[in-house]
Amino acid sequence: MNALRKVAVGGFIPVLVIAGYWVWATMSRNPYFPNPMRIMERFQKLWLFAKLPTDVVPSLTNFALGYVIAVFSGVIAGVVLGRIKLLRQLFAPLLDFARSIPAIMLIPPFVLLLGIGDQSKVAIIALGAFFPVVLATMDGLRRTDPALIDVTRSMQLSRWQELLVAWVPSAGPQIAGGMQTGLQFAFILMVASEMLAATHGLGYLTMQAQFTFDSASVWAGILMLAILGFGLNTLFVLARNRVLRWHIQSRATARAR
Amino acid sequence: MNLTHPLRLRIDGLSKTYGTGSTANEVLRDINFDVHTGEFVCLVGPSGAGKTTLLRCLTSLMAPSAGQVLLDGKALTGPSPKISIVFQEYTRSLMPWMTAEKNVALALSNSKLPRATVKKMSRDALASVGLSGSESQYPWQLSGGMQQRVAIARALITEPEVLVMDEPFASIDAQTRLELEDLTRRLQTERKMTVMLVTHDIDEAVYLADRIVVLSKNPATVQEIVEVNLGVERDQFTTRESHQFGELRSHVLGLIREAQNRAKTEAASGPQ
Amino acid sequence: MTSRRITSGAQNAAFGISGALIWLVSWQWFTTAGPFAGIVGFPTMTGSVAQTLGLIWESSFWAAVGETLKMAFAGLGIAVVIGMGIGLLTGLSRRSHEALDPTIQFLRPLPPVVILPLVLLVLGPTTELGVFLAAFGAVWPILVQVQAGVRDVDPIALDTAQSMSLSWFKTQTAVVIPSAIPFIITGVKIAVSAALLLAIAAGLLAGAPGLGKLILIAQEANQSDLAFGLILWSGVLGASLALILAWAERTLVRGRRALEEYL
Chain L
1 MNALRKVAVG GFIPVLVIAG YWVWATMSRN PYFPNPMRIM ERFQKLWLFA
51 KLPTDVVPSL TNFALGYVIA VFSGVIAGVV LGRIKLLRQL FAPLLDFARS
101 IPAIMLIPPF VLLLGIGDQS KVAIIALGAF FPVVLATMDG LRRTDPALID
151 VTRSMQLSRW QELLVAWVPS AGPQIAGGMQ TGLQFAFILM VASEMLAATH
201 GLGYLTMQAQ FTFDSASVWA GILMLAILGF GLNTLFVLAR NRVLRWHIQS
251 RATARAR
Chain F
1 MNLTHPLRLR IDGLSKTYGT GSTANEVLRD INFDVHTGEF VCLVGPSGAG
51 KTTLLRCLTS LMAPSAGQVL LDGKALTGPS PKISIVFQEY TRSLMPWMTA
101 EKNVALALSN SKLPRATVKK MSRDALASVG LSGSESQYPW QLSGGMQQRV
151 AIARALITEP EVLVMDEPFA SIDAQTRLEL EDLTRRLQTE RKMTVMLVTH
201 DIDEAVYLAD RIVVLSKNPA TVQEIVEVNL GVERDQFTTR ESHQFGELRS
251 HVLGLIREAQ NRAKTEAASG PQ
Chain R
1 MTSRRITSGA QNAAFGISGA LIWLVSWQWF TTAGPFAGIV GFPTMTGSVA
51 QTLGLIWESS FWAAVGETLK MAFAGLGIAV VIGMGIGLLT GLSRRSHEAL
101 DPTIQFLRPL PPVVILPLVL LVLGPTTELG VFLAAFGAVW PILVQVQAGV
151 RDVDPIALDT AQSMSLSWFK TQTAVVIPSA IPFIITGVKI AVSAALLLAI
201 AAGLLAGAPG LGKLILIAQE ANQSDLAFGL ILWSGVLGAS LALILAWAER
251 TLVRGRRALE EYL
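Chains as they are written, first to last, in this note's numbering: chain L, 1 to 257; chain F, 1 to 272; chain R, 1 to 263.
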């Protein structure tokens with residue numbers, strides 16, 4: 001009963017807004033705010049499944065490629081900088097400064113360098129997602145419990161084994177946090193880079209629709225992007241909860257005790 | 001007992017000072033004692049005496065300022081495969097992302113044995129500490145006593161000659177502690193290991209040890225080495241009731257009180 | 001003691017500067033003598049630095065900076081009003097929280113970039129577009145922080161207010177809001193960088209006036225040195241704002257503490 005009540009109270013406003021919009025849009029005939037039925041109709045026409053292979057798949061492929069590159073290079077760079085003091089002292093300030101420049105603004109140089117094809121997209125996505133991952137990895141390594149290192153030293157494990165067996169897994173939770181932020185950055189950059197300079201893609205199509213005043217397609221594009229963004233984040237959280245079950249459960253048990 | 005069993009460990013002039021100059025803190029000063037093969041030695045002392053520092057120097061996790069530790073006549077330069085350690089904080093010494101079995105198998109990472117063999121040895125080790133059936137459980141699923149058993153199994157799987165334990169039962173509830181004390185003595189006898197156990201619990205020290213090294217404080221030195229002649233067969237009921245147990249206990253307690261008071265008066269009279 | 005701290009600070013700075021120098025020198029080498037030399041679109045270090053410094057003399061540059069700041073702060077202002085309003089409402093009233101939270105949780109993760117095409121459609125490439133986008137992005141951190149700040153109030157302080165029979169209004173102004181100030185400041189800090197970023201992005205992606213538009217023009221004219229210089233200035237702008245905010249936070253907090261001691 002309580003759950004039902006929560007749904008009713010929480011769903012009240014969205015339902016009101018959507019219903020209100022529907023009525024207003026139908027009545028006002030404002031070209032920029034089409035009736036929800038027309039939006040859904042256009043949504044189906046575009047994304048199910050006409051433009052899927054030509055635009056959605058390439059966009060997501062760039063996204064996936066850039067993200068994977070960012071995660072691998074970010075963790076490796078984070079480990080190198082995290083474990084080698086000299087490198088960290090030399091380059092951490094630089095990293096901090098570079099991080100403060102939002103990656104969106106780096107799209108133009110990449111476009112000028114690599115053109116408007118897929119390479120520039122992958123590059124900018126990779127760069128943008130790289131920073132949160134590398135910083136999170138460094139932070140996670142810093143928090144490694146020295147007790148674990150006592151254990152690995154007492155077992156005479158090599159420095160390499162120590163890294164793989166103790167340092168990196170213990171930084172898992174932080175790395176996952178960085179990966180999630182990186183995921184969000186990667187998505188934003190995928191959209192933005194396609195809006196700025198591209199020949200195809202979800203962001204490109206939505207922006208083009210705007211230039212031709214095709215508002216139904218603009219709405220349909222935004223809706224698709226919102227769904228994709230939400231879906232990607234949800235998938236990530238599910239995967240993370242699986243991999244980091246040990247961490248989640250240890251914290252829960254510790255709190256209970 | 002000392003004359004018939006060979007010398008395993010010699011702690012020779014071990015000293016440790018943190019810092020230099022006016023902020024120097026001398027924790028250990030000229031610690032000397034011998035440990036013979038198959039002996040169970042307990043180290044006790046007032047709290048804050050530096051027992052953990054001593055243990056870290058003994059196991060080469062920390063470099064001493066002076067002195068050395070000789071294992072079978074050879075000076076130790078780093079953690080040795082012949083020495084296994086059980087730490088006090090078991091939650092922090094087990095890898096939380098590994099099952100009990102994997103945690104135990106970690107000690108054999110360098111062994112070059114096939115994986116199936118390692119797995120079997122790991123299960124056997126867990127069985128020897130009474131944890132058959134818990135192999136696939138994660139540390140957060142195990143109670144404190146069980147976690148410490150996993151740590152003990154991990155220490156034993158390499159078949160060490162010397163087992164070093166740093167206040168291993170301090171964070172464990174009193175009843176489980178008694179079980180683990182008996183487990184440790186049994187394992188020591190079965191495997192003919194030399195054991196060095198640091199504890200602040202005097203009863204535990206007298207119950208477990210063949211000899212007790214009583215440390216002083218500020219800095220820690222060897223105050224006295226007490227022989228414990230309670231026999232090889234011990235149990236929680238009769239041994240602790242015996243007259244000798246009480247005498248030994250009082251004697252050790254007296255030594256520790258003495259050390260505490262001396263440390264207090266020295267602190268009161270100001271740093272030298 | 002202090003001398004040791006100074007030398008370690010100087011040491012860190014020295015390391016950081018060395019790292020930056022290594023980066024700058026290798027950049028120059030890569031683009032002049034190394035593998036990237038002569039590639040169109042890859043600016044040299046010296047070229048970029050020259051362009052960056054040269055911009056200081058351009059009045060159009062400063063006009064654009066002004067536009068961008070105008071949009072960012074206008075958007076921030078709107079975000080503060082709405083964010084504080086809704087944050088206070090949902091933080092204080094359980095019922096409004098239940099009613100509004102699902103909507104907030106749904107809208108919050110939506111990146112402003114995604115709604116950019118629609119806003120561009122309706123508002124065109126204007127200042128208003130930048131203000132809207134900046135407000136949309138900046139409202140969430142403020143809202144979230146205000147909510148947290150209101151919830152974080154020390155229950156003992158609330159009990160004291162109740163025992164003194166303070167009116168609801170007096171309780172909010174004397175107890176709740178002051179204790180929420182650190183959270184609000186954090187929210188504003190995050191919101192400022194969000195607002196600035198979105199003001200620039202509005203220009204870059206949609207052609208709204210300001211720094212973003214200048215970068216877009218530079219890109220379309222294939223002037224990579226200029227584009228890079230503008231980007232560097234944007235970073236400097238963001239960093240300066242962050243510094244000013246940090247200083248403001250310190251003075252505010254110090255002032256509050258002094259006030260508390262006085263009271």
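You may find that some hints are simply not true.
[Stated by the list, open to error] Below, in silico cross-link-like pairs of lysine to aspartate or glutamate (DMTMM-like), each with a Cα-Cα straight-line distance of 25 Å or less:
(1) F:K82 - F:D203
(2) F:K112 - L:D96
(3) F:K120 - L:E162
(4) F:K112 - F:D182
(5) L:K6 - R:E98
(6) R:K189 - R:D152
(7) F:K102 - L:E41
None of these hints come from the bench; they were simulated from the model.
- Item | Distance restraint between L:K6 and R:E98, which requires alpha-carbon spacing of 25 Å or less | This hinted pair holds, its Cα atoms lying about 7 Å apart.
- Is the straight-line distance between the alpha-carbon of F:K82 and that of F:D203 25 Å or less? Roughly 29 Å separates the two Cα atoms, so the pair is violated.
- Given the proposed pairing of F:K112 with F:D182, does the C-alpha separation stay at or below 25 Å? violated, 33 Å
- Decide if the proposed pair is consistent with the structure: F:K102 and L:E41, CA atoms, cutoff 25 Å inclusive. violated, 55 Å
- Task: Starting from F:K120, check that the Cα of L:E162 is at most 25 Å away, please.
- Result: holds, 24 Å
- Task: Please work out if R:K189 and R:D152 have their alpha carbons no farther apart than 25 Å.
- Result: holds, 19 Å
- For the pair we were handed, F:K112 and L:D96, check the Cα-Cα distance against 25 Å. violated, 43 Å
Violated hints, listed in ascending order, are 1, 2, 4, 7; each of the other numbered hints is respected by the structure.
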